[in-house]
Each structure stands twice: as C-alpha cells, then as structure tokens.
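The listed protein sequences correspond, in order, to chains A and B.
Position in the first sequence (first residue = 1) + 5 = my numbering.
Position in the second sequence (first residue = 1) + 4 = my numbering.
Treat the hints loosely; a few may be bogus.
For lysine-lysine, the following DSBU-like pairs were computed, each having C-alpha atoms within a straight-line distance of at most 30 Å [unchecked claim]:
no., chain 1, residue 1, chain 2, residue 2
1, A, 63, A, 74
2, B, 24, B, 70
3, B, 24, B, 59
4, B, 18, B, 59
5, B, 59, A, 112
6, B, 18, B, 68
7, A, 54, A, 112
8, B, 45, A, 112
9, B, 102, A, 27
10, B, 102, A, 63
11, B, 24, A, 82
12, B, 45, A, 63
13, B, 18, A, 74
14, B, 45, B, 18
15, B, 45, B, 102
16, A, 27, A, 74
17, B, 59, A, 74
18, A, 63, B, 70
19, A, 27, B, 45
20, A, 112, B, 70
21, B, 59, B, 70
22, A, 82, B, 68
23, A, 54, B, 18
24, B, 24, A, 112
25, A, 54, B, 70
26, B, 45, B, 24
Think of the hints as simulated: they come from the structure by calculation, not from any bench.
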Amino acid sequence: AQSVAQPEDQVNVAEGNPLTVKCTYSVSGNPYLFWYVQYPNRGLQFLLKYITGDNLVKGSYGFEAEFNKSQTSFHLKKPSALVSDSALYFCAVRDGNSGNTPLVFGKGTRLSVIA
Amino acid sequence: GAVVSQHPSWVICKSGTSVKIECRSLDFQATTMFWYRQFPKQSLMLMATSNEGSKATYEQGVEKDKFLINHASLTLSTLTVTSAHPEDSSFYICSASKGRGDYGYTFGSGTRLTVV
Chain A
6 AQSVAQPEDQ
16 VNVAEGNPLT
26 VKCTYSVSGN
36 PYLFWYVQYP
46 NRGLQFLLKY
56 ITGDNLVKGS
66 YGFEAEFNKS
76 QTSFHLKKPS
86 ALVSDSALYF
96 CAVRDGNSGN
106 TPLVFGKGTR
116 LSVIA
Chain B
5 GAVVSQHPSW
15 VICKSGTSVK
25 IECRSLDFQA
35 TTMFWYRQFP
45 KQSLMLMATS
55 NEGSKATYEQ
65 GVEKDKFLIN
75 HASLTLSTLT
85 VTSAHPEDSS
95 FYICSASKGR
105 GDYGYTFGSG
115 TRLTVV
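Just chain A, same shape as in the assembly (with noise of 0.2 Å):
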C-alpha cells in the first residue's frame, strides 16, 4: 500500500524568500511522485512529477523538487516566494508497477506567502 505525509499543515513564508514544502512517501514498488497545487473551490493543478531520471525536478511556476530515495522524500521548493503562490500544496504518490493505478494523495500543506 501506498502513503504519503505532509507533516506541516501550515506554512508560512514571507514574499522573496525561499519555501520548503515537505513531503515523505512510502511504497511498495517503484515511486511515482507527483505535486499538485489547489486554488479554492478549483481542481487539482499540476506541478511537476518524478518518474525517472533526474532527482531534482523543475516545474510550472518555478518550483522544483528533489527526490530523495533514502529519505523517502520529495520536498517541494521554490527560491523566491510570490503572494501569489499562496494555496493548498498536495504530494501524490503511486506505485510504477501497477499499472494505471490511482494517486494517494497526502493531506495537504497550505502555503502563505506574506507580502
């Protein structure tokens, strides 16, 4: 079975900095790592993922990730912070072996970028 944790629920940042969303997984099989950025009341955007290749990651927006495969993590960041940014953060993960099965999603980390 597949998890994912975001242990903060909250972050809070100050505009230009730079933020760290985390995020752990745990599965079985091969990870498929994904980040989603929700707006309310609006789906699910994405960000970037992790298949292969590469750890680091860049994506929409300028945020990257790292895939960490000792630490089972793959924290979310971004050099320099924009009001804008400010939203609820999911990590996703699924197992590559298993066909095209469904993301389980972390709880979420709600991000506030303070001007």
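Start from chain A and add chain B according to the hints.
Showing chain B alone in chain A's frame:
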C-alpha cells in the same frame, strides 16, 4: 493537451433528489477515470475507479448504490449521487490519465455539491 472538463461547477439540490456530475476528457481518450471526494480543509479521498465499458471499482466504505458511476465512452464518466442528503455535501473531483499514469493525471475543476 490533456484537458478534463467537469460539470457542473456547483450545484444545490434538495434532500432526496439525485445529482449527476459529468467528467469529460476533451483531447484524449481516458480508459480509466478516478472520482475523489474532498471535505473542507482535508485531502482527496478516492471514491472509485471508473473503467470504460465495465463496472466501477469502489473503495471500501463507499456505497455503490448511492454513488453510481458510469463510464460509457472513452471520453465520458458520470457520477450520480442518488437520494442525496446533507451529509453528501462535499467537493467532488474527477481525474483521468492518458496512459500508464506516468504522464500524470489531469484533474477536473471540481463540483461543489450542497444538499439542503
């Protein structure tokens, strides 16, 4: 590419009535679609996996007779909440994949259901 359209965006219905939510893949064929439910300030909980041309697979604890899922074509899946009650009020989101899933999953914009 990979756009998923979900309608309606919001709906208010009376207790005891049924509501249908549509999820369409606009520019790709989706053999599999997933339906999630999200409570306020909580994560997405998988309700069921919808496979084109076959019965949906429901997660444990989800009433299949209450949440009817139909996936009649490669571009359309519907979720019908039957005999809705206030506790069914929630945000429902569908998701579809173009292929094996390593392409990522595209999500609909969600449907806010309020049962009064």
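Here's how the hints hold up against the structure:
| no. | hint | result |
| --- | --- | --- |
| 1 | A:63 x A:74 | holds, 17 Å |
| 2 | B:24 x B:70 | holds, 12 Å |
| 3 | B:24 x B:59 | holds, 17 Å |
| 4 | B:18 x B:59 | holds, 28 Å |
| 5 | B:59 x A:112 | holds, 29 Å |
| 6 | B:18 x B:68 | holds, 21 Å |
| 7 | A:54 x A:112 | holds, 18 Å |
| 8 | B:45 x A:112 | holds, 9 Å |
| 9 | B:102 x A:27 | holds, 28 Å |
| 10 | B:102 x A:63 | holds, 21 Å |
| 11 | B:24 x A:82 | violated, 39 Å |
| 12 | B:45 x A:63 | holds, 27 Å |
| 13 | B:18 x A:74 | violated, 50 Å |
| 14 | B:45 x B:18 | holds, 24 Å |
| 15 | B:45 x B:102 | holds, 29 Å |
| 16 | A:27 x A:74 | holds, 14 Å |
| 17 | B:59 x A:74 | violated, 37 Å |
| 18 | A:63 x B:70 | violated, 41 Å |
| 19 | A:27 x B:45 | holds, 18 Å |
| 20 | A:112 x B:70 | holds, 25 Å |
| 21 | B:59 x B:70 | holds, 15 Å |
| 22 | A:82 x B:68 | violated, 40 Å |
| 23 | A:54 x B:18 | violated, 41 Å |
| 24 | B:24 x A:112 | holds, 27 Å |
| 25 | A:54 x B:70 | violated, 34 Å |
| 26 | B:45 x B:24 | holds, 24 Å |
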